Amino acid sequence: MAEILKFYNEEQLCGTIKWAASAKEPLEVIGGCSKPGLGRPISTNYRLDLSGLTQIDSYQPDELVLSLGAGVTLVEIRTLLKQNRQELAFEPPDYSSLMGISTKTATIGGVISCNFSGPRRIKAGAARDHILGIRGISGRGEIFKSGGTVVKNVTGYDLSKLLAGSYGTLSAITNLCVRVLPAAETTSTLLLLGLNDADAIDALGYAARTSYEPSGLAHLPRELALHCNVPDAATPSTSVTAIRIEGPPESVTDRIHSLQKTYSHFHTTLLCEESSRTFWQEIRDVIPFSKMLNRVVWRLSVPPSAGAKVVAEIKRHVSCEAFYDWGGGLIWLALDPKETAESNHIRNTLKTHGGHALLVRARADIRRQTSVFQPQPSALHALSTRIKDSFDPLRILNPGKMYKDI
Amino acid sequence: MRLPEPNKSVIAKKPHIVAALRSVVQDENVIEDPEALKPYECDGLSAYRQLPLAVVLPETTDQVSAILKYCDAEGINVVPRGAGTSLSGGALPLADGVLLSLGKFNRILDIDYANRCVIAQPGVTNLAITNAVETEGFYYAPDPSSQIACTIGGNVAENSGGVHCLKYGLTTNNLLCVELVLMNGEVVRVGGKQFDSEGYDILGLITGSEGLLGVITEVTVRILRRPETAQAMLIGFSSNEDAGACVASVIGSGIIPAGMEMMDKLAIHAADDFCSPGYPRDVEALLIVELDGPSAEVTELTARVQSIAECSHAKSISISSSESERQQFWTGRKAAFPAVGRISPDYYCMDGTIPRSHLARVLSRMNELSSEYGLRIANVFHAGDGNLHPLILYDANKPGHLERAEQLGADILRLCVEVGGVLTGEHGVGIEKRDLMGIMFNDSDLNQQQRVKCAFDPDGRLNPGKVFPTLHRCAELGRIHIHGGQIPFPDLPRF
Ligand SMILES: Cc1cc2nc3c(=O)[nH]c(=O)nc-3n(C[C@H](O)[C@H](O)[C@H](O)COP(=O)(O)OP(=O)(O)OC[C@H]3O[C@@H](n4cnc5c(N)ncnc54)[C@H](O)[C@@H]3O)c2cc1C
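So the sequence lines, in the order shown, correspond to chains A and B.
Under my numbering, the first residue of the first sequence is numbered 41, with each subsequent residue one higher.
Under my numbering, the first residue of the second sequence is numbered 8, with each subsequent residue one higher.
This is chain B alone, in the form it adopts within the complex (with noise of 0.2 Å):
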């Protein structure tokens, strides 16, 4: 993976660098140690790694736009994280850049039941904003696997989903507000407590813009009234092409299921390995749907889609009768990630989405390429909303390995291009798919996606190296090239 050529002078100014940041902040909250910098080598793509120059720790709104100015007037790239969490190395240090760690924003601003919303800081986690409303019997939800650890800033800068997204929606669905310091140190706020945000939808922009645009140093989400109940249901089949269509009906008949999750035989077994959820070990594939809402309505459409599944050929379906259970049945769900990383010393996974119709036949061409690879591959994934996890698992002590898996993953991305889907669900371009991108999108396409980046960040300072396989200068991309003549197509209706 390559990175920009890292900036020499830059390296070599460190003392100063670190001497500007600290007076800007608290001597403690810049790190310049390499053993203390060790943390922040990489993010969740661990596989790539670099030290940063340095990170800083800043504590208020003020104290980023200091460090952005200074950065920008001095040439310095910046990299903001959150948790570091990021599947996609989004996050990942550069050589010659300040890592701008948001860990010191870790406070709830304001709860507003009355509009519904609360107000954090970007270094709050998910789960964190859920448990300052639960006791009255509210939650947020967009719930990625990681939310115990992933920051709701991180969150905003990937756009991130979870398994009950099918119904709630992705994060940009249930964000209301953002404060944003522009790499020229400027601060601005985009929406409010309101519904809709006044002007270009910048709010909507920046969600998913992987820390390219700016840093995001205060967030309002939307909370929701906890549903009346939630009852989940485990149907197994004995093959991928059942589960598939099966799928396809309980969308086609109408019914929107909280979430709609789907397993295949490798992954159903390490799942029930390793945390007993009591998953049928017999089939091919697992489907675990969940309907949550008003009771009447939970019962009536459970029964639905029984009914649904018995058509789809299911082999067996079990339904929860306690809260307990329910939970029992996501747990090997949510455990399955772990559950895989036992059975193989490496997991690498993956994140394209499908149109749900070609649900079989990528499982199917999936199966081919495994063996041609020679590399087993464990599918967990949001089948609701055709958002594929392959896990491909590999061994890096074993040489040409990790390379053979990355091509693997990058066959896997084209193949769900080339059905009309995309490279990446919920989890990021960042330096792991960038190379990719002129897969989906044409020069045309890109060029007015950096045409927008220049709009924020002219000088291409702010976590350069990601998303876009070729970085052009603004000034270049903002030539214009004139071609004259009359109007054309004189032959037009004219009114």
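Excised from the complex, chain A in its bound form (with noise of 0.2 Å):
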């Protein structure tokens, strides 16, 4: 078992990185823990843990930015920015659930270092697009900072892109700068029933095209529809087409009426605000799937208008379940463990339809087997290797946990 560190500032992490670099030590790097199993498993005889990590360093509502400590919970910010009716636009998840974990201690800096973005991901841009600034310390054991605190900014290389989506191989992050945006007014989701989900991704590609401004767009299959805790969504036990609004609250109303008009054709039914929130928290916290513990995940990203025909292809070698979200640009899969071959044909699937696929979710002999993240195409890997090294060439940081050699 590892031993584990646990660092209230920078300078002890620091300290630490310098010396597990001359040592040669590998360290594994976590931020809240709430995702375990994520990433290929990965054994180090210490383990960081950055959850001390938890100033505050600025919030000034009307500048809309944020500096804190790498180890601030989610929870934590929600209840801060809530004071000013602000949010992190690119409502970040919490995985927490669908690994299995029963406390909410996902962090800032876990959920930046894999570049997780909820359902507003389509509007508002992912969560690597709101990191005004980044502070880390590299495997080299130097402090380096990039970026700033101000939205435009286009002063030297932008590190802070490399370091989200890096799953803590090139560097501890220790501060970020993020960018709060106001929160919506009024939410509102339009529930289209009974659609397969070929027609729904149709349907959400429709709405994606209107000048309307959706701001989620998701599908859940009649089986995973009847998982919700929101009784207006699972009572009609069909499926469900979400398409949600947000907005000042005459502008919602207007919208919503222009949609009712346009899928005329179909049942609906309306979710409004705390029901349309928790419906939204769901799919953006994989609540369908948090339930089914025993089941391997995926998570699928992919051009939103194949999302229905990539289901398909996979289903007709395995048999699974899978939801959409990003109007079908994202695709949660569950499958049985049992089907050990599955990663070649979601793969393969890929293949002709462009995107990639994460195994999120799975026991470690299943993660050491299969590859997690998407195999690169050979110059692409060599150059990511070569990003690795000028973080990292004593492969001290999270070393094997996204590919073999990175």
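Honestly, the hints are just simulated from the structure, not real lab data.
Please note: incorrect hints may appear among the correct ones.
[Said to hold, decoys possible] Distance condition first, Cα-Cα at most 25 Å in a straight line; then the derived SDA-like pairs of lysine to any residue: (1) B/Lys-20 to B/Gln-33; (2) A/Lys-444 to B/Cys-461; (3) A/Lys-349 to B/Tyr-120; (4) B/Lys-76 to B/Arg-196; (5) A/Lys-349 to A/Lys-391; (6) B/Lys-45 to B/Pro-352; (7) A/Lys-163 to B/Thr-309; (8) A/Lys-378 to A/Ser-411; (9) A/Lys-349 to B/Lys-405; (10) A/Lys-163 to B/Gly-259; (11) B/Lys-174 to A/Ala-223; (12) A/Lys-163 to B/Tyr-120; (13) A/Lys-163 to B/Glu-307; (14) A/Lys-349 to B/Arg-229; (15) A/Lys-122 to B/Cys-184; (16) A/Lys-163 to B/Leu-134.
Remember, predicted model here, so these are calculated numbers, not experimental data.
Take each chain as given, in its own frame, and dock them per the hints.
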């Protein structure tokens, strides 16, 4: 078992990484440990816990910026921003229930390290789009910063983009400056009932191409809609195809009316305010799959219009459940762990349609045998390896977490 | 401005190099004659000029790859160039370098409405993308003022913005995929039509890398449905403080306008004289606020902004009542640079960003600097995101004027960083702000950036002399200083 070292400030952490570099001692870096078992299994003698970096350096509502330590939890951030009716617009998800963890410990550093974004990704951008500045410690034990505290900045390379989605393999992130935005005043969700996957993705694609600015486009087939904790969504016992509209009240009413007219040939129902919010939280946190803990879960990012086709092709080879977010662009798949060849089928399907797949939840032995991240063409992989070298030449930080040599 | 010492032996080999390039592309796509090279001697930062060794205009990715591979092997520097509108000298040629122009990469390859994206070659202009999808009611959101001329490849390299990026983001937020040729000739694709790219976010890193990491040969961008309506407001104020306070209140109230631009008196008058947009002339500061989206929303938000403006002591408010009036409101802002060009022989455009709350303070300090240096400053800027464009008026024919303008510019940028801002919001570092990088970044920050550069271009052949104040060898940067010793902090909590 790895020994866990918990850090409360940057100097301690920097000293430890410097030591590890000289001793060639690999380290596992974790935030709130809300996603254990994500990535390739690695074993190290030490695990660095950054959840003690909890300081809020500054929060300026009028400037729409928040600077904070990487260990601040999402729960805390939400509470803080709510006081000024603001939020992180990319809807950071919390996968703790999906991963079978009961406490809500996800930290901002952890979410950014994985570049995970919620349903509003389609309108507001991804986690990586909301970072204004970042501080980190490289595998060389050197503190560096990139970016700043203002929205518009092209001074030097944008290293924050690289660190976002690097799963802690490039640097230990210590501080972040993120953009916050006004929270929507009202939210409503139009549910289209009873559509099959293909028709649903078409309907969502249509909505995405209107000027109604939908901020959530998801589809749950019947068997998963039944698991929904929103009564209105679960009771019809049909599939539900959801279109979320947010904004000032007059505008939301108006756009919902227009959508109702557009989709008047379908059975529809409306989720308002609290039930709309709960519904999208469940989509965001992948709640439909949090109740099937024995199943293996994949996350596929594909061209949105291909969503239903990708799932239909995979289903031809393996039995699985699937639901869609991002208008079809994000697919969550749950499979029986006995389907050992599933990754080949998934990856072959993506070869034709484009996109990539991440194995999010599986036993360690499965994650050891399967490529957890999308295998890369050789030139791209060689470049990624050189990028790893440029931050962590000795392979100190989360070695092997993404790819064998990265 | 210091550029790397040209390598005389490379210059001496010019005939060989030209012949080698001609073995890759058609003869007429290599330019070597000094007269014909003249149009390439500078970019939008025209105070700096340098003829390149030769210009090459490849037409395919394979040709780009062959050229880079050859130059890498022969130790020849390469400077990529789009339309040459950079305002920071990013595309300034090198005497011993090949200028690689993407001018022939001018086709749109795919318009995919189902996935709301367009695939274009890098030499396609920014506006051409919008033009190509307009009939179906779509557009490409980032809209630099240079959009008729600048290329989408240049936009990616500079991470360009425009007046609408307050709501819709910069290039980086609207980009899905690029094909990139590395200096060693390898071709990589990062991203796709899906929302997120996998592995390290190389797409995000490339954006704004100013031609130092690779040559972009294909670009996929997200397109958006045109908003149902748009309405613009002109709000005049009797002081910069009032205008600044109004900007803060609008944002603070939870409204993100599509655009929020500010002009000071000198700029207002210059613009009004130039194209008569009907700006109020008796105000010190003018805000142009645009709201767009579903009509019900625009009506509601316009009313809210109006009442905020009234509370912020606005002297005059006019709201566009038709599309043509909206366009007219913008003509003055859009023509502000040429308009200022008419009242001064030369002007120098700066591009710092500051936290919005320091707007009034920075403007008044800039006025002091202006009198200290004896040079006028006209201010036109993206107020919503604090991105300033002070235009320093000078006369290049007067000895010492250019240098004075540059020093004043550097002082303004120092001021921006002092109040918590940055050196450049959208125009890039290039050669212009290269030597000021130390104000914002320490050695450790800059070394890490240069190590990343080493992962792409270990010999530093691509666009050398730009962005980084000092060039280090990759071997030197890669060296690790081992300290040794015991695990520190034995008193850390352990579990
Ligand atoms: C009047 C005027 C108004 C402007 N307004 C704005 C504005 O509102 N917002 C804004 O952001 N900018 C503005 N600019 C600046 C400029 O237009 C942008 O930076 C633009 O993106 C440059 O594009 P370009 O094609 O001209 O690139 P170039 O000037 O040719 O090159 C710019 C940089 O990109 C690199 N590069 C170009 N193409 C490639 C490629 N295919 N692969 C790799 N590297 C490449 C070059 O090496 C260079 O470093 C303005 C400029 C002018 C003259």
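A quick look at each hint next to the structure:
no. : hint                   : in the structure
1   : B/Lys-20 to B/Gln-33   : 20 Å, holds
2   : A/Lys-444 to B/Cys-461 : 22 Å, holds
3   : A/Lys-349 to B/Tyr-120 : 17 Å, holds
4   : B/Lys-76 to B/Arg-196  : 18 Å, holds
5   : A/Lys-349 to A/Lys-391 : 13 Å, holds
6   : B/Lys-45 to B/Pro-352  : 22 Å, holds
7   : A/Lys-163 to B/Thr-309 : 22 Å, holds
8   : A/Lys-378 to A/Ser-411 : 16 Å, holds
9   : A/Lys-349 to B/Lys-405 : 68 Å, violated
10  : A/Lys-163 to B/Gly-259 : 21 Å, holds
11  : B/Lys-174 to A/Ala-223 : 14 Å, holds
12  : A/Lys-163 to B/Tyr-120 : 16 Å, holds
13  : A/Lys-163 to B/Glu-307 : 21 Å, holds
14  : A/Lys-349 to B/Arg-229 : 22 Å, holds
15  : A/Lys-122 to B/Cys-184 : 35 Å, violated
16  : A/Lys-163 to B/Leu-134 : 22 Å, holds
The structure does not agree with the numbered hints 9 and 15 stated previously, though it agrees with the rest.
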